[in-house]
Amino acid sequence: MKMECRDFEEQLDDWLDGQLDAARQASIREHLELCQGCRRRREHAFVVQSALRVLAPPALRAGFANQALSRATGRSGAVAYRRAAISAALAATLVLGVAVSAFFATRPAPVQTVALALDRPETVSLVFTVAKPLEGAMLNLALPENVELVGYGGRRELSWSTDLHEGGNLLRLPLIARGTSKDELVARVSHGASSKTFRLRIEVQGASRLGT
Amino acid sequence: MRPQVEYLYRLAWRFTGSVADAEDLVQDLLLKLYPRTAELYEIEQLRPWLARVLYRQFVDSVRQQARSPITVIADDRSDGENALDAFPAAKDGPEDRAERSAWRERILAALQQLNPEQRAVVAMHDIEGYSLEELETILATPLGTLKSRLHRARQRLRALLPMEPFSAAERVKA
Numbered sequence: 001m002k003m004e005c006r007d008f009e010e011q012l013d014d015w016l017d018g019q020l021d022a023a024r025q026a027s028i029r030e031h032l033e034l035c036q037g038c039r040r041r042r043e044h045a046f047v048v049q050s051a052l053r054v055l056a057p058p059a060l061r062a063g064f065a066n067q068a069l070s071r072a073t074g075r076s077g078a079v080a081y082r083r084a085a086i087s088a089a090l091a092a093t094l095v096l097g098v099a100v101s102a103f104f105a106t107r108p109a110p111v112q113t114v115a116l117a118l119d120r121p122e123t124v125s126l127v128f129t130v131a132k133p134l135e136g137a138m139l140n141l142a143l144p145e146n147v148e149l150v151g152y153g154g155r156r157e158l159s160w161s162t163d164l165h166e167g168g169n170l171l172r173l174p175l176i177a178r179g180t181s182k183d184e185l186v187a188r189v190s191h192g193a194s195s196k197t198f199r200l201r202i203e204v205q206g207a208s209r210l211g212t
Numbered sequence: 001m002r003p004q005v006e007y008l009y010r011l012a013w014r015f016t017g018s019v020a021d022a023e024d025l026v027q028d029l030l031l032k033l034y035p036r037t038a039e040l041y042e043i044e045q046l047r048p049w050l051a052r053v054l055y056r057q058f059v060d061s062v063r064q065q066a067r068s069p070i071t072v073i074a075d076d077r078s079d080g081e082n083a084l085d086a087f088p089a090a091k092d093g094p095e096d097r098a099e100r101s102a103w104r105e106r107i108l109a110a111l112q113q114l115n116p117e118q119r120a121v122v123a124m125h126d127i128e129g130y131s132l133e134e135l136e137t138i139l140a141t142p143l144g145t146l147k148s149r150l151h152r153a154r155q156r157l158r159a160l161l162p163m164e165p166f167s168a169a170e171r172v173k174a
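Which chain is which? The protein sequence lines are V and X, in order.
The first sequence begins at 1 in the numbering used here and counts up by one.
The second sequence begins at 1 in the numbering used here and counts up by one.
These aren't lab readings, by the way, just hints derived from the structure by calculation.
Just to be clear, a hint being listed does not mean it is correct.
To be verified - The following label-pair restraints were derived from C-beta to C-beta distances: (1) V/Thr113 - X/Leu143: 15 to 23 angstroms; (2) X/Arg56 - V/Trp15: 40 to 48 angstroms; (3) V/Ala142 - X/Gly144: 37 to 45 angstroms; (4) V/Gln205 - X/Tyr34: 49 to 57 angstroms; (5) X/Gln45 - V/Gly18: 21 to 29 angstroms; (6) X/Thr145 - V/Arg178: 40 to 48 angstroms.
Claimed, not checked - Computed list of lysine to aspartate or glutamate pairs in EDC-like fashion (alpha-carbon distance at most 20 angstroms, straight line): (7) X/Lys147 - V/Asp14; (8) X/Lys147 - X/Glu128; (9) X/Lys147 - X/Glu133; (10) X/Lys147 - V/Asp13; (11) X/Lys32 - X/Glu42; (12) X/Lys147 - V/Glu33; (13) V/Lys2 - V/Asp21; (14) X/Lys32 - X/Glu6; (15) V/Lys132 - V/Asp183; (16) X/Lys147 - X/Glu117; (17) X/Lys147 - X/Glu105; (18) V/Lys2 - V/Asp14; (19) X/Lys147 - V/Asp21; (20) X/Lys147 - V/Asp17; (21) X/Lys147 - V/Asp7; (22) V/Lys2 - V/Glu30; (23) V/Lys132 - V/Glu157; (24) X/Lys32 - X/Asp21; (25) X/Lys147 - V/Asp119; (26) X/Lys147 - X/Glu136; (27) X/Lys147 - X/Glu134.
What the hints assert, rightly or not - Listed below are several chain V residues computed to face chain X (Cβ distance under 8 angstroms; list not exhaustive): (28) Leu32; (29) Gln49; (30) Ala51; (31) Leu55; (32) Ala68; (33) Ala72; (34) Thr73; (35) Val150; (36) Pro174.
All C-beta atoms in this analysis are idealised placements derived from N, C-alpha and C, irrespective of residue type, glycine included.
Chain X extracted, bound-state conformation (with noise of 0.2 angstroms):
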């Protein structure tokens, strides 16, 4: 299990966009898959296997803790002309670093305003590149579902990313 334990971060991480919460999943699923060593010997494809496991993992464990989640509405001030004026550019003054560290911030903070599910669609096949097909054996189902649930994560990342924080500074440097 040794040389999957970073790949099980990685994952576990972008499920749950905390490294204290990664940490306990995949202790978690240490924990659970100790006994079954044996059996992980016999797995031909054991990535998508253990991802399967670690999502399985994830989803209990959000539903374990929040039972009743306020769906929180992001304070959305872009204007529409305007909000892709600025997208943080290739620059790299000390300005520069601290707008893209702000930008990374958002995104992380955009991705845990995503259900569980949605979460781990957007992690597994826009930041994984796991294809929809690979995605339907792995986390079993359908995908159908999964491509109005990935439609639907994007849609609210893309409203909840107009990178307005942006388009003040920018404009004012234009």
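Chain V with its partners taken away, still in its complex shape (with noise of 0.2 angstroms):
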């Protein structure tokens, strides 16, 4: 029987994974000779595939392996430690809880700070509290100058459309900063006519204090 796409998009994976017999893989063969579209998916899959394989961790830091055994066998202080790490995730993360009354509120929300170091990656959380679930609510990004969004480059503003659950949402940015920047980032949220503005003022550690 002919493969059609949808068989090939189908046993992409086990072809990749060498999981198909010689059967289908002449089948597969047969079909991608006569459809550039699925030679393009298979080509697509293979850079994804090859991409990961040669994405290496960040080496060990040096001396970890002996403070983490130490630790371990009660030679040092494990819980320090770990109060010290949860320090150091607080420090990166900013919390909004915003109820589903105030959501709608015409009153801006006030306008928090946080702390970035420069060239790092950290990761700051918004957390968005609504009453009810909110379907299709548009979340945009306005990304202040010098300030990256990990993995997007330089592009400043971001969109995306999401469904709210009932209680807690958690908005993790991986951010970046460059430099020192002038300007604010700015999250708002929407759903219908209805709209939210959240306001983050980024101090850079390393680089010249921001925002007024």
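With the hints as a guide, bring the two chains together.
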């Protein structure tokens, strides 16, 4: 039976993993000779798989093994380590809890400040708290000068469509500061005709102080 | 345990995408395992066993941290005809190095969009090279579930990585 594009897509992963028998491999080869779209899909899949395979972690920090083993064996302060780690995480985390009544209020949310280290990725977490589910909410993000969302290079504005669940909704933004900036990060959540805007002042440690 | 620390860190980094989180995960694991040191000597295949314990620790920690995460949908601006025209080529000028760095960041960001279980199966199968049959034991998850989890994860990664940031530059060069 002649292979369709849908069949190819369904079998692509098994093919990548070498899990197809000879007959199905032959069907795929035959289909690829005729279908430019699926040849592109195959190349795309190869590139993504290859990129994953060569993705190397940053080198293990010198002394980490000794430090971690010492803490594990109780030769140094394991509890202190955890506390320090949690504090560091909180320092980079800005939590915006907004009840649904405030979500639609005209009064702007207060501007809050978050500190980023220069040229070091930091995750800033925003928590949107809503009292009822909001399907198809739009999230618009406007980044200030010299602040990037990791993986999106120089893009200053991004938009997502998302569903907000009842309760807290966590959005983690991996940010990296490339220099000083005078503007604020602006996150706007809208649903229907209503919207709520959050502004973050960003202080860059290692660069001149930001914001007014 | 010392010879295993680097392996655990590497795997933890692949799970978490963050050096600090990876170090935390490894530290927590070592704290948990130290009282069981004698038991570890009895384990024949130590690395798969450690991978399993690390995976459980990772999933537990993610669930504790984020009970209601938003599923962020990436802004896919690619068009079907041109998205594949511009895969990063093997060049080595400053611009090319910057492109590769941006590409790496995009991959890391895309991995962060997967749920913890998807990220783990991609990390262990597509990156670390464990077979799905091995993962069936390590992750204590049925083979069918692993296959569908991997399939969905790969589909999501491909959707998130259309490589469109490179296409404009490549088209200009062409």
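Item checked: Non-conforming hints, listed in increasing numerical order -> 1, 2, 4, 12, 15, 17, 23, 25 and 28
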